[in-house]
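K.L.:
Based on these hints, arrange chains B and C on the given structure of chain A.
If you read the protein sequences in the order shown, they are chains A, B and C.
Heads up: the first sequence at position 100 corresponds to 436 in my numbering, and the numbers run straight through without jumps.
Heads up: the second sequence at position 63 corresponds to 47 in my numbering, and the numbers run straight through without jumps.
Heads up: the third sequence at position 83 corresponds to 86 in my numbering, and the numbers run straight through without jumps.
Treat the hints with caution; some may be incorrect.
Claimed, not checked - When the alpha-carbon atoms are kept at most 30 Å apart in a straight line, the in silico DSS-like pairs for lysine-lysine are as follows: (1) 460/B x 525/A; (2) 63/C x 110/C; (3) 613/A x 489/A; (4) 178/C x 460/B; (5) 460/B x 91/B; (6) 63/C x 452/B.
Stated by the list, open to error - Chain C stretches covered by chain B per the calculated footprint, using a threshold of three residues with CB under 8 Å from any CB of chain B: (7) 143 to 153; (8) 175 to 189.
Derived by calculation from the structure, the hints in this document are not laboratory data.
Note that beta-carbon positions come from the ideal geometry of N, C-alpha and C, so glycine has one too.
If you want the building blocks of each chain, they are given just below.
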Amino acid sequence: MDVFLQQLINGLTLGSIYGLIAIGYTMVFGIIGMVNFAHGDVFMVSAFIGLIAFLLLTTVIGLSSIFLVLAIVLVVAMIFTGLLSWTIERVAYRPLRGSFRLAPMISAIGMSILLANFVQVAQGPRNKPLPPMLTDVIVLMDNNGYQVTLAYKQIVIMGVTVALLAGFWYLVQKTPLGRAQRACEQDRKMAALLGVDVDRTISLTFIIGAMLAAVAGVMYLMYYGVVNFNDGFVPGVKAFTAAVLGGIGSLPGAVLGGLLIGLIETFWSAYFSIEYKDVAAFSILAITLVFMPQGLLGRPEVEKV
Amino acid sequence: MAKALTGDGSAPARPAPLAVALKDAVVSGVITWLLLLPLVGFRATESGSGPLTLTTRFGLVTVFAVVVAVLRLVMHLTVWRPGREKRVAATPSALAGLGARISPLAKPAFFTLALLYPLLAVVLSGGLTPSRYWIDLGIYIGSYVMLGWGLNIVVGLAGLLDLGYVAFYAVGAYAFALLSTSVPINDFMAGHLGEGFWAAWSFWVCLPVCGLLAALWGVILGFPVLRLRGDYLAIVTLAFGEIIRLVLINWTDFTNGGAGIASIPPISFFGMPFSAGDDGFAAHFGLTFDPMHRIIFLYFVILALAALTALVTLRLRRMPVGRAWEALREDEIACRSLGINTTLTKLTAFATGAMFGGFAGAFFAVRVRFVSPESFTFIESAMILAIVVLGGMGSQIGVAAAAVLMIGGMEMLRNLSFLKSDWLLGPDFDPTLYRMLIFGFAMVAVMVWRPRGLVSGRLATIFLKERKTVSGDLVKEGHG
Amino acid sequence: MRRWETDPILAVDHLTMRFGGLIAVNDVSFSVGRGDVTALIGPNGAGKTTAFNCITGFYKPTLGRLALSHDAPASPEEVQALTANGQAHAATTGGALYLLERLPDHKVASRARVARTFQNIRLFSGMTVLENLMVAQHTRLTRSGLLSPSALINLPSWRRQEKEGLDRALHWLEKVDLVSRADDPAGDLPYGDQRRLEIARAMCADPVLLCLDEPAAGLNPRESAALNALLLSIRADYGTSVLLIEHDMSVVMEISDHVIVLEYGCKISDGTPAEVRSDPAVIAAYLGVDEEAVEAVEAEVGL
Chain A
337 MDVFLQQLIN
347 GLTLGSIYGL
357 IAIGYTMVFG
367 IIGMVNFAHG
377 DVFMVSAFIG
387 LIAFLLLTTV
397 IGLSSIFLVL
407 AIVLVVAMIF
417 TGLLSWTIER
427 VAYRPLRGSF
437 RLAPMISAIG
447 MSILLANFVQ
457 VAQGPRNKPL
467 PPMLTDVIVL
477 MDNNGYQVTL
487 AYKQIVIMGV
497 TVALLAGFWY
507 LVQKTPLGRA
517 QRACEQDRKM
527 AALLGVDVDR
537 TISLTFIIGA
547 MLAAVAGVMY
557 LMYYGVVNFN
567 DGFVPGVKAF
577 TAAVLGGIGS
587 LPGAVLGGLL
597 IGLIETFWSA
607 YFSIEYKDVA
617 AFSILAITLV
627 FMPQGLLGRP
637 EVEKV
Chain B
-15 MAKALTGDGS
-5 APARPAPLAV
5 ALKDAVVSGV
15 ITWLLLLPLV
25 GFRATESGSG
35 PLTLTTRFGL
45 VTVFAVVVAV
55 LRLVMHLTVW
65 RPGREKRVAA
75 TPSALAGLGA
85 RISPLAKPAF
95 FTLALLYPLL
105 AVVLSGGLTP
115 SRYWIDLGIY
125 IGSYVMLGWG
135 LNIVVGLAGL
145 LDLGYVAFYA
155 VGAYAFALLS
165 TSVPINDFMA
175 GHLGEGFWAA
185 WSFWVCLPVC
195 GLLAALWGVI
205 LGFPVLRLRG
215 DYLAIVTLAF
225 GEIIRLVLIN
235 WTDFTNGGAG
245 IASIPPISFF
255 GMPFSAGDDG
265 FAAHFGLTFD
275 PMHRIIFLYF
285 VILALAALTA
295 LVTLRLRRMP
305 VGRAWEALRE
315 DEIACRSLGI
325 NTTLTKLTAF
335 ATGAMFGGFA
345 GAFFAVRVRF
355 VSPESFTFIE
365 SAMILAIVVL
375 GGMGSQIGVA
385 AAAVLMIGGM
395 EMLRNLSFLK
405 SDWLLGPDFD
415 PTLYRMLIFG
425 FAMVAVMVWR
435 PRGLVSGRLA
445 TIFLKERKTV
455 SGDLVKEGHG
Chain C
4 MRRWETDPIL
14 AVDHLTMRFG
24 GLIAVNDVSF
34 SVGRGDVTAL
44 IGPNGAGKTT
54 AFNCITGFYK
64 PTLGRLALSH
74 DAPASPEEVQ
84 ALTANGQAHA
94 ATTGGALYLL
104 ERLPDHKVAS
114 RARVARTFQN
124 IRLFSGMTVL
134 ENLMVAQHTR
144 LTRSGLLSPS
154 ALINLPSWRR
164 QEKEGLDRAL
174 HWLEKVDLVS
184 RADDPAGDLP
194 YGDQRRLEIA
204 RAMCADPVLL
214 CLDEPAAGLN
224 PRESAALNAL
234 LLSIRADYGT
244 SVLLIEHDMS
254 VVMEISDHVI
264 VLEYGCKISD
274 GTPAEVRSDP
284 AVIAAYLGVD
294 EEAVEAVEAE
304 VGL
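If we strip away everything but chain A, and leave its shape as in the complex, we get (with noise of 0.2 Å):
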């Protein structure tokens, strides 16, 4: 029971950053319909920059408030990774919209390997370890010696999750932009026809998703305390496997398949082996797709004749 608490604590703390990365994954798909492959290493990026934008504060100008540094770091990260996305979509994507299936598959792939190794050059191969931040544990049971405990920055990582989640909640469903995002998901010729700047909606989902991404980066940064320029791939699958297990094009459902495979994982780590955790992704990822395409809030897909 006490390990289990435990695994539930960290597997949702997990589940919260793969859930806020699946997000842009889910929306990118529903507006134009493409794997955004360069997603995982926005989020890579996003990591970095808040790496760096740590550094300045604490080591340069010497803020001493955590919480005051947590903020600055997460409102810069957001601003150069949305930035960076935004650039993405209209160097690599937008021209080829409308073009060849394949073309803005293997141009997302291109600058995925693109982002990847420019964090390698630009900041070295190297693991990027922090200090430990936020340190404390509230202790919830006390086993026999086995402590299971919630620590500040767990509460702190699921908090800002769900205060995101609400905000974009509410942006999504009750804002012009929303409202444009969901006719572009319907019809993109249609919604143009109707007045809807396109090319801008797509931008600014681009930006969204980035914006969450960078969240998910900083969240990710503090959790583990180390970054790597390799560090895209793999949370980028695991993301993505979450949004196609929710039902790819629904955002609840990426939040739910966010928090099953942090579930999942933690789960698998403790109670399996923590080698095969990743083959453990992988292959829901497959069985998902070959079984259950529709996800589990997604909309079965109807083939027309």
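P.N.:
Chains B and C in isolation, oriented as in the chain A frame:
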């Protein structure tokens, strides 16, 4: 990561092109500066075991921003200038006309060049030993031509997007590595066919086995996933590729894990080892022993394997099954209405492509004589796919040209040692680091420039009066 | 002569197709006569294409039986026996019997030999006209296996087989007057030619039942007349039964032997063109008024 905005900012009717161009140049310069600021302008440097320290490089960021701005300005005033749009549109057709004129000669010329390549390399580099680099490069390119042709069957003909092709390459390589180093098989063969038989013959015996095993894996993996379409199929194949690699890493008892399998027996000239001994290849043909004999032989083996791939594909395209593959790419529903069993047809494409991947894998293992999961990462799949797409899906000559361009080009990047000079980037600069960076950039750039690849037309497989090329705009890219 | 009653090639029994809550086809039964041209008509959304998709295997019907008999009609006992034993195919005294709802779509085409065209033309647009017709002969040309060695090494036996296929394709090219376009990509043809090519392609698959989904849609009167001639020749010269969905009444009335009318997923009329034309239910469906109103008007004008 210098990037440019798309050139749609200048509508023909706009008054002052220079003002527009200047504004665009400044905007893109500023954006570049901002983009590069966090990760190029600052660098988190490790100082021993202590905490990270920040170093700054604002000068470099500014240089990049200015370069991008100037490039944009130049482009706006030349290629993207409103008045020039017509000529830009005319260029591809002139290119196509040129292509049409050379295309009948391209294939024989390409094949002759491939055949004579070792001779040329030896003559031009002045001897067997110095030609090593060039022949190795030829083998390397040849492997990718073969892999590209193999994947071309799946992606280019059948229209199935496979992002895990490297899995079959790995199956072939590991099958050969495990079989050829297996002690029980060696003992069995030694008992029945003589000592040293397995070391000498293992490649030739295992080659078909590796191909068949890879094809079998193609069927096993293909069966559940082939009803998926488009991007989903791509992602599942990617997942399978990664699963196979992770299993190779983690199943240490069987595959020796990340350490890989070493001391794979070298290739033999159909049983004759390339050794200095009396029973060796050199002694048998009255030559002086030279380790380069083996390398040159390897070159011809991969050439033969690639030619086999090309010929089989050519033949299959003219058979009902090949036509069914292409029809499947064009319209799956229409295929079913004509009685084509789409699952079976897709499986044959998948298995055929996998088989050639398996051959290439066995060749890889016998060439390098060492296999480890490191060699079978997703990047490898992406590279092969990029070759196929850059070549123009379905076109064999295009794929071959793309392989030469990409692999040769990446190899050239290794030799950019002039960049190490003090005034440029300093002696610490490592050009190999930039290979993948430039590779990624090139993938994006090529897609934006020519989304249909180098050769986009499709040659008809049967004709009444004349064999025509179907323009790339009509050829579909498949749904699965 | 009501051939659909004496010698049906296809007997549709209680065909029902539901999509979630929507009933697209509701308990429809009809027969298609061997060698007849049968037209399935009705207003938009009546369930014609859904019925078609069930017959050609693209949809699995929610309920119902689709019995197709080759060569000779199957006796009710034979149909019953096959229905009961759960299989999809049986030999009968005169020929063979297939239950289409039990066959996967490609087997409906390859084994039961039902070929079809599509409302929105589905040609292999990146392949040439001739290649389209060669793909259509896939079933025949792969009789010795998908990867038959004789084809792989191009043996004379294979070349003979391929020559036959080429001749058949040529025959149909002549038939639809497209010989001069044989080496052009199908996607380059004008619309009317594409329609004819799609029919030729379906005929190259050697069907016993040819299903055409709005073959005359988008054709000009001259092309429409040529289509009529083509369909009549298919019936007369090849003995192929034709089932077509059509909105163009001139085509329907001119060439069909038997007309079935659907409305809102239900059959409202079934008979010869003349019978259907005078059926008040049909007039009501097409004019959008009540049956009683039609009868009242007819009474007034003395029909």
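K.L.:
May I ask which of the numbered hints given earlier this structure violates, with the numbers listed in increasing order?
P.N.:
Violated hint: only 6; rest satisfied.
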